[in-house]
Amino acid sequence: MGTFLQLMIDGLSTGSIYAALALSIVLVHQATGLINFAQGGMAVLSAYIAWVIYGFGAPLIVAILAAVIISFFLGALIERYLVRRFERGDPDTAVVVTIGLLTLITGICAWFWTYNNQLFPSLFPLDTVQIAGAVISVRSLGTIVVIVAIMLLLQALFVGTKLGLALRAVAIDPSSAALSGIPVGRNLMIGWGLAASLGAIAGVLVAPQLTLTPGMMDSALVYALAAVILGGLTSPIGVVVAAWLIGILENLAAVYVPFIGHDLKIAVPFVLVFVVLLVRPQGLFGRKSVVRV
Amino acid sequence: MVAGIGIVAVLVAGCSRGGAEPDGDGGAAAASPGITDTTITLGMTTPLSGGTAGPGTCTVAGLKAYFGNVNAAGGIEFGDGKTRTVEIKALDDEYDPQKAKANYDQLKGSVFAMTAGLGTPTNRAWREAAIADEVPQVLIQTGDPLFSNKEESPWQLGFVPVYQNEGEAFGELLAGAGGEHKVAILSQNDDYGEGYVEGFKSAIEGADNIEIVKELTYEATDTSVDAQLTELAASGADVLFNAMSITPLVISSLQKVQEIGWLPSLFLPSNTSSPTAILEPGGAAALPAVYTVSFAKTPQSPAFAEDEDVVTFLSDLAEYADYPEAPAFPHCMWSYMIGATLEQVFTKMTEPTREDFMAQLRTISDFEAPLMLPGTSVDTTEDDQPAVSTVQVIKYNGKGYEAVESWDE
Chain A
74 MGTFLQLMID GLSTGSIYAA LALSIVLVHQ ATGLINFAQG GMAVLSAYIA WVIYGFGAPL
134 IVAILAAVII SFFLGALIER YLVRRFERGD PDTAVVVTIG LLTLITGICA WFWTYNNQLF
194 PSLFPLDTVQ IAGAVISVRS LGTIVVIVAI MLLLQALFVG TKLGLALRAV AIDPSSAALS
254 GIPVGRNLMI GWGLAASLGA IAGVLVAPQL TLTPGMMDSA LVYALAAVIL GGLTSPIGVV
314 VAAWLIGILE NLAAVYVPFI GHDLKIAVPF VLVFVVLLVR PQGLFGRKSV VRV
Chain B
345 MVAGIGIVAV LVAGCSRGGA EPDGDGGAAA ASPGITDTTI TLGMTTPLSG GTAGPGTCTV
405 AGLKAYFGNV NAAGGIEFGD GKTRTVEIKA LDDEYDPQKA KANYDQLKGS VFAMTAGLGT
465 PTNRAWREAA IADEVPQVLI QTGDPLFSNK EESPWQLGFV PVYQNEGEAF GELLAGAGGE
525 HKVAILSQND DYGEGYVEGF KSAIEGADNI EIVKELTYEA TDTSVDAQLT ELAASGADVL
585 FNAMSITPLV ISSLQKVQEI GWLPSLFLPS NTSSPTAILE PGGAAALPAV YTVSFAKTPQ
645 SPAFAEDEDV VTFLSDLAEY ADYPEAPAFP HCMWSYMIGA TLEQVFTKMT EPTREDFMAQ
705 LRTISDFEAP LMLPGTSVDT TEDDQPAVST VQVIKYNGKG YEAVESWDE
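For the record, the sequence lines run as chains A and B.
Everything in the first sequence is counted per the numbering used here, starting at 74 for the first residue and increasing by one.
Everything in the second sequence is counted per the numbering used here, starting at 345 for the first residue and increasing by one.
Accuracy of the hints is not assured; some may be wrong.
As the list claims (entries may be wrong) - Computed from the model, here is a short list of chain B residues facing chain A with C-beta under 8 Å:
{"#": "1", "residue": "Ala397"}
{"#": "2", "residue": "Gly398"}
{"#": "3", "residue": "Gln442"}
{"#": "4", "residue": "Glu563"}
{"#": "5", "residue": "Ala571"}
{"#": "6", "residue": "Thr574"}
{"#": "7", "residue": "Ser579"}
{"#": "8", "residue": "Gly580"}
{"#": "9", "residue": "Pro592"}
{"#": "10", "residue": "Ile595"}
{"#": "11", "residue": "Glu603"}
{"#": "12", "residue": "Gly605"}
{"#": "13", "residue": "Leu607"}
Derived from the structure by calculation, the hints contain no laboratory data.
Source: prediction; values computed, not measured.
Note that the Cβ used here is the ideal one computed from N, Cα and C, for glycine as well.
Work out the full structure, taking the sequences as your base and the hints as a guide.
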């Protein structure tokens, strides 16, 4: 029983990392209708920015907040001067552009900071708390709490605010949105900026555990994309739940299903994705996108 | 983009042909490519970007440091009486076998020998081509025994101990312990992990005080091994044999075992046991004991702070390799030793040919290269063994490592 609970909690905490990145992918998608493959790379760049500021002697929390703000502007600039040119065209082109951006940002990080693993301090202490025989680290707990808070904020942003409505309107139909007086370009920039800030938070949450390297987010990105598809592209709550499910199921399957084991467990989330997509193409929590003819 | 690549390829091909031509001067034995009367050029393909770039960068830095010092002193007097300086051409393969092969193809015409590159899959990718082309692929940094089998790999020789050597050394120490021990094993699901486990198991065979209670594996691409450690902790083992090659995973596994309150004695492979890069961030001081094996003096260890080898090594690194800090990876030290070993071979070469080089390469014995720990040495004369096959089990003391002779209960 103790082991079972521990595996659930381990899964929840790795799932939270996927969730953080998945949330920023959802945000960009909600705001611009694009899946941004560079989101992981941008998160790593933000974490490096925080690390550099921390290196100058700033307190960790200040460094992180500064990185979040700088990332907002970086994200907005990337949208304005790079992605904007491809948004109106073929969506496939835009996706390839974001993949190119991922490679570019990774290269830039490597050029500045090398591929050596850099230690990144954690916001949370290394202590642990006991819950019903399972041990949960304060760090995992902190990560989970931060993710839940961001998820609720995002949900509130999209559903309950004028900005959220405008962001969604711009993503769904830019020309109609423009006609009804919404500044489309500015909203696109804000969407990318917010996503980059969120990515920055994901980056600084993950960096203490994976140590800071330019490729830090690469495998997390794969899981985050699975969570996005599984949870539904339109639902922040959905992707977080999906990311947690992925983390937990992967662990349980590895330990309790003998033929899967730890070597095949990476396939578990993707089998899950296939099954869900066959039954519910919009994902577990997503809304069907309806196109009126 | 495609056109750009084409241009680069043409330029490179042009260069390599240019480099090979002046050698046909009709001497006694026609010189091999990459060697003139005043220089010898060595090639490397090694990861300089990607996840293994930290150690990979070290493989180049160590070699440049050693030969930088040698060149500054005028070069090496070869066995044929000519004094040559050493040039190094290093290309990045990102730990990608295909890139490694492409790098080899690019270098083979202009370098005398390929050396010191890091990585098992990457070195395997061009092993057969090197045999067919009769290009030396020697003193490479892989623990794969294939490269040290003279019959299968006539143009190859590994430098570092094979994985089995390391696993065996630890197994022997444990088998010689007085008390009973239960061992949990976590290993990488490839030749690397299997080699360690194989060596370990062969050493504890017949030792009835040692029982392996649980064995699990992980993939090199995994981001977390928490689930494995939770499962292993439930086995009640008091020793964890952790055959892992991924730096962040080792750090997080050190933290994880402490979080779940499982405090085993730990064995780590030589390339993932750096005190500053892994043990300190992982909080390893809280564990009862952390063992690894080594044949190199660690610059971080206070015991070697004043050591003459270490002082020269660090200043060479800073001066000739643009590597100002004390390296966190042992590969810097290993490459430095490779440089010293190559110098030994060069001084014995009476003909500027790859054949003579290979012949002389296999005659080095009992050579104590700089930075080697007492009790270890370079020996290239033993069949089926890499240039260094002796290791010393060492134990973490909270700062660096110290040698141990027996298991303390």
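Results of checking the hints against the structure:
1. The beta carbon of alanine 397(B) comes within 3 Å of a beta carbon in chain A, closer than 8 Å, and the hint placing it at the interface holds.
2. Proximity of glycine 398(B) to chain A holds as hinted, the smallest CB-CB distance being about 4 Å (cut-off 8 Å).
3. Look at glutamine 442(B): its Cβ only gets to about 17 Å from chain A, farther than 8 Å, so that hint breaks.
4. For the restraint placing glutamate 563(B) at the interface with chain A, the shortest Cβ-Cβ distance is roughly 6 Å, inside the 8 Å limit, so the hint holds.
5. Restraint check, alanine 571(B) versus chain A: the minimum CB separation of about 4 Å is within 8 Å; hint holds.
6. Restraint check, threonine 574(B) versus chain A: the minimum CB separation of about 5 Å is within 8 Å; hint holds.
7. Nearest Cβ of chain A to the Cβ of serine 579(B): about 10 Å, over the 8 Å cut. The hint is violated.
8. With 8 Å as the threshold, the beta carbon of glycine 580(B) stays out of range of chain A, its nearest partner Cβ sitting at about 12 Å, so the hint is violated.
9. At about 4 Å, the closest approach between the beta carbon of proline 592(B) and any beta carbon in chain A falls short of 8 Å, and the interface hint on this residue holds.
10. The interface hint given for isoleucine 595(B) is met, as the beta carbon of that residue sits about 6 Å from the closest beta carbon of chain A, less than 8 Å.
11. For glutamate 603(B), the shortest C-beta to C-beta distance to chain A is roughly 5 Å, which falls under 8 Å, so the interface hint holds.
12. Checking glycine 605(B) against chain A by beta carbon gives a least distance of about 6 Å; that is within 8 Å, so the hint holds.
13. Of the supplied interface hints, the one on leucine 607(B) is violated, with its beta-carbon coming no nearer than about 13 Å to a beta-carbon of chain A, more than 8 Å.
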